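Participant: All chains should be modelled from the sequences, with the hints used to inform the complete structure.
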Amino acid sequence: MKEKTKHVIVAGGGVAGMEAAGSLAEMGIRVTLVEKGEDPGGHLLQWHALFPGRRPAEEVRKYLRKRIAHENINVITRTTVEKVRHHGHEIIADLSGGTQERADALIVATGFDLFDAHRKEEYGYGIYDNVITSADLEEMFNRKRVVRTDGSVPSRIGFIHCVGSRDEKVNNNHCSKVCCVSAVKQAIEVRKLLPECEVFCFYMDMRMFGPYYEELYRESQEVHNVNYIRGKVSEASVNINNRLVIKVEDTLAGRPLKMELDLMVLMVGMEMSKPGARLAETSGLSTGINRFLESADHHYGSNRSGVAGIFYAGTCTAPMNITDTISHSRAAVEETVRYLGSK
Amino acid sequence: MNSEIFIWPFNLGLYFILIYSVVRSTIWFRSLSRADKLRLQRGFFGMPFMQSIREIFMESLLHRRIFKKNPVLGYMHMSLAFGWFLLIVFGTIEADFFGERHLNPPSHAIFFRWFNPEHGASGLAAIYGHWMDFLLVFILSGLLLAVVKRFIPGMMGMKKTTRHTWTDRIALTSLWLIFPSRLLAEGFTCGVHGSGGFLTGNLGAALTSFLPAADIAPYFWWLYSLSLGTFFFLLPVTRYFHIPVELILIFMRNSGITTADRWSAYSEVQTHACSSCGICISVCQMSRAAGINDMQSAYFIKGLRNERDIAAITANCLMCGRCDEVCPVGIELGPLRLIERRQGERPATRLKFIDRYGLTRRREQIEREPTQSYSYLVPEEEEQADVLFFAGCMTHLTPSVIVAMKKIMESAGVMYRFMDEEGGVCCGRPLMLAGRDREARELINHNSDIIWKSGAKTLVTSCPICYKVFRESYYLEAQVMHHSEFINLLIEEGSLRLGYLHRRVVYHDPCDLGRGSGIYDEPRAVISYVAELQPVPEARSMSLCCGGSLGNLTLSSEKRALIAADAAGTLTRSAPDALITACPQCKKTFAQATETRVSDIAELVAVALPKPVRRTRSRSSANTVRTVADG
Amino acid sequence: MSEQKANRFGFAVNRSRAINYDTSDRKVREYVTLREPSFRLCFACGGCTAACTAGQHAPFSLRKMNTYIRRGEIDTLREEVARCMLCGKCLLVCPRGVNTRNVVAMTAEGIRKLDRNEL
Amino acid sequence: MKPEGKKRIWAEYQKEIPDDHFFYVRSCIRQTFFAGSEQAFLKILRDDLGKDVFEDPRHTTCTGIGYHGDVVPFETIQTVVARHFALATEAGYRHIAISCVTSFGIYTEILETWKHFPETLARTREDLYKATGRTFAVPETISHASDIIYKFRDEIARKAKYNLVDIKTGKPLKVVEHIGCHYSKMFPKYGIGGAEFPHVLIGMIESWGGDVIDYPERRHCCGFGFRQYLVQANRGYSLFASRKKFESMEPYQPDLIIANCPGCAMFMDRWQYTIKEMDGITYGDDGQGIPVLTYEEVAGLVLGYDPWDMGMQYHNVQSLPLLARMGIRADPARRFLAKDGTSLPEPANLING
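Residue numbers (our numbering), protein chains in the order written: chain A, 58 to 400; chain B, 20 to 650; chain C, 13 to 131; chain D, 2 to 354.
One or more hints might be untrue.
Derived DEER-like restraints, expressed as beta-carbon distance ranges [claimed, not checked]: (1) B:Asp328 to C:Asp127: 16 to 24 Å; (2) D:Lys190 to A:Thr206: 27 to 35 Å; (3) A:Ser291 to D:Arg228: 43 to 51 Å; (4) A:Ser291 to D:Leu351: 34 to 42 Å; (5) D:Gly328 to A:Glu225: 49 to 57 Å; (6) D:Asp287 to C:Asp127: 34 to 42 Å.
Sample of chain D residues facing chain C (criterion: CB under 10 Å; computed from the structure) [claimed, not checked]: (7) Gly237; (8) Tyr238; (9) Arg244; (10) Lys245; (11) Ile276; (12) Asn353.
Simulated from the structure, these hints should not be mistaken for laboratory data. The model shown is predicted, which means the values in this text are computed figures rather than measured ones. In this text, a Cβ means the ideal position worked out from N, Cα and C, and glycines have one as well.
Facilitator: Written as structure tokens, this is what we have:
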């Protein structure tokens, strides 16, 4: 008798989910890819260019779209996986909208949510004009127009690092890893787009963890004249000219510093996604103190959930860049296939 | 006949340049310091005068130094200078001897043929005419080389030459025209009258055969006179002013005047004595390794002469001293650059002669009212020692050198005190190299105080930078020794027992130790004692700078790396086991530039020290060491 | 006048410790950056300060000085820059290849020019 | 500026303010320097709004100035505050209305401490009982007096005789609001609108027709700072802080400053005088100062109270031009006359005087 085709549900259609679905489909496994948005692609859909080489994000999007254009993959959009449970060897996933999906295994690839910048009230996001997030700036890059709300061209832009990361005041002690290099990348892009515009990065530490990140940081200073001030911005306000006034300690000078900005970019960090957190709660998947999914083993089991047949891929376990997400996702597929074979 | 109008351009030019030279020399003489005036006066009536005459003959006329460096270039210079000199001398003799009057005005000698066209048809006069023609050929051959050099510098072995200003170009053109126009003028005149030597006579005959020579000749006499006149008029504002000024320079130098540390008439004479020959550019490592071709001494001197803003040029020099070594005129290029650095930055606008002295005055005023930069330095407690060891700032970044020195001194039983073990105060030379002598003096005073209080008889330093300044700018009772000298002394005394290392090594002369302080032999003696020292190209006085020099303020780390790689490449061409230097700065710089192991001389010696005898080992191991040491 | 009144009150208004980037004079920074572009590369590791010969004797920090140049704190700089001995140790230590000695030299020069209204 | 953004935050930071039956605790600074303000508060609540406000003459200072001046230990101040609660309990009141922002901060700090460290509450009960024989119930709510005016701001607006409007131009007055640091910076949840964008005074100003100025140093401390002011040699810090605020608000040409903290009102008023004396600088037009009013005074003016009855003539920066702008006719002859017709002392060197 011919062996029944295996079926895997992938919860989340971002970078991790798409890569996982593609890899599984290639191996002849039937995949149901459940995505909450209109289209798969996740946060990458908003991104203009990627660090460290500033390649267009579209190139990676194209790759991922191609990856899931496979007859074995069924994409369900505007849907989330609400609960997962075991029924014998089978896994039953309750989807939003009340339907159910049965499968042999499930990969959680629910990704991350960007930190809601409103929560750092002192920065005035949503209150003051010209306070935007890194994601908003990326949209501006897509339109090739970086301007203030009144349409004028900014002459000084400040990037505020660690917004919603490494900050117990918003209950996030973790580092989101990618914001530093994102800020460097965006700072360079601003300087290229607006050569007259002064650019400042306000940082606590520069965490250039990936290949060519440090080189990019150096380039930003050497070639693009991006300025770095070490200190966490404490508050922002506006003056009578509707310019932002920020206060920060210049920790290297050991003195408070006050500066006017035309545009303030909040480098928002990564948090566990809400659908991911819901799924964890309903399905008994354990989470860590950083609220991301806790893997079975930190070093050699970062794709395993501790529950048979459920695997993790990508940023639902911790902040990651795209490179690491794709690797992590492939590893999750490997774990899944091994599990399917052992059944 | 003497009232020919065409002679006037020459006459005017000649009188102008004579009067100008006298006036200029007088101004220079007057602005010399009292001591230098005395030196010059004494020199004029003593041996220095004879030395100068000899040197002028050997250098200004024969160009011996250029000959040594490059025979073709030497011949070119010699033929033009010596040839012209002879032409003038013999021309004057000819005019005085054969002319209708004795003691003629100069024009009479210069335009002798015009005034005496029939002369020299036979007898002694004819032979003399051949001689004069020979001199002209001699000059013209040099001129031919000059033209070739101008357009194809490589053919003369010159990699780089200086750029000319437009006045230089006009003067050069007129200089080039002098001798061909004389040839043609004399040729036409001789042709008409059937006189002349083997050259002018034959050329004249040939030309007259198809040209109306009598009509053409005056044009060439005019051209000859005009070329001479133009050249003389332009002389003071062009590089060719070096020809008369060099004579003054030689007198001054032989009288014992030196550049010293501030701007003086002697500095000015030196800037005008530069011929912009470009030899300094060829030897400059910044040119050959780092592709920087606009800051060499020739440009620096030219900027000084023309009173341009040369702040960038002044700062951008390794101060290695290679150009000083090769300068055919013997200009003290390093000291002049230091003087300029001491002047500080000057306004971008062109400085008037008077303003330059104004700057000097301002500097003197600052010196009269000194401000303290290092008042935070606390005088140290007195501590007695026979031998003081001063590692210096840079050696603290090469702790292996310190460890080696400690081992060596302990092994030799030297009772020493490590003066800056806990981190001392800079020796002051880096400040001096940046032109900040006043500040340097504060540090020198601080260190001197410690050295005097210690009562030390010997001050040993492992850093050539410190060594140079200790020797030249400190007033000390203690004998200053570079560690290579000191180790050599220990070996010679027999207090240091060393083994022989079977290694092939090369030695690099650090700039401040070799060229800067004349220490070439001691390090070589030490190295040869413990290892096989191989020769390297460009050693001793032409040793290469490592590129890390503190003398350069503005050179980027990338360019430094290029210089270091080039120098290290040259030094290690023979693939030695190690590259030995005697300077912590050179060691650090070379270490990044080569795969070859780079060691300080002290480290090499420390390796050759007998291993300490351990109790647990058998006696034979100690014997082995002794055997090796004996061998 | 303010001093006399202060005596009457027994206290005077304190000066702001804050660096006001919008009113500070950054001409010296421009002067230094133009003449020594490697200045930009400093990422404040403090290696120079750790190695510093003068820093062993006085409160002198090239790392801090770089920050003061960038922020236009001229008065602080004027005192600070004079403490350097120009020994060049920092040059050998700097991981970013900043031409530290020239930064000091150009800063001193820039300040002198600023004081003479030449900037 | 996006008003909807602030509304979002205000919606998040709302607190329970009781409707009636308050146990009122007075402020040391306010009853000394702005005695008319506390009087006006009681009158507004009792007469205009018909509320029940109880005062016990036996209540004392909270000792907050001593506490922040490092002379009163935390245990002591807890016991003093517990005694106030005991007085309220004995009188049958469960809602505390606090006149002073320092006291308000002390109360919130103590309540939060008791919540997180119940043993300190037990210890305080014991201390109070040993010292006075009293017992107490922890109050149900604590409100700052400005919270209560905030709650009834629209009611006051409905009864308004005057508005925060320039009667000549019809334009709203430009008002600077200053919130005492101890109102919500320590515990944002105790303040209406939180710590970054407190709504308590803005709500009043907008209800009564004024325009609020959001200037860069809006959040900055007035400079009181207890130790900064209490030690004479340190007063330069205190003065500097106020000056920083004035310089920051100056370009907006504010008509008045409203403060909800007695200390702030006092310092921002007195320091304008000091700065003028020291450096000859004032922050209004033509050498005028910016009047600093308490929210009770502003509420009183809106309701048509006589400014001289509220003691506004004893501010260093006088409000005569402001009153004229609002159309309030205050009888200049009565300015320094007591109710019995005797003359009151007339201060020298008044600004806008």
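Participant: Against which earlier hints does the structure fall short, listed by number upward?
Facilitator: 3, 12
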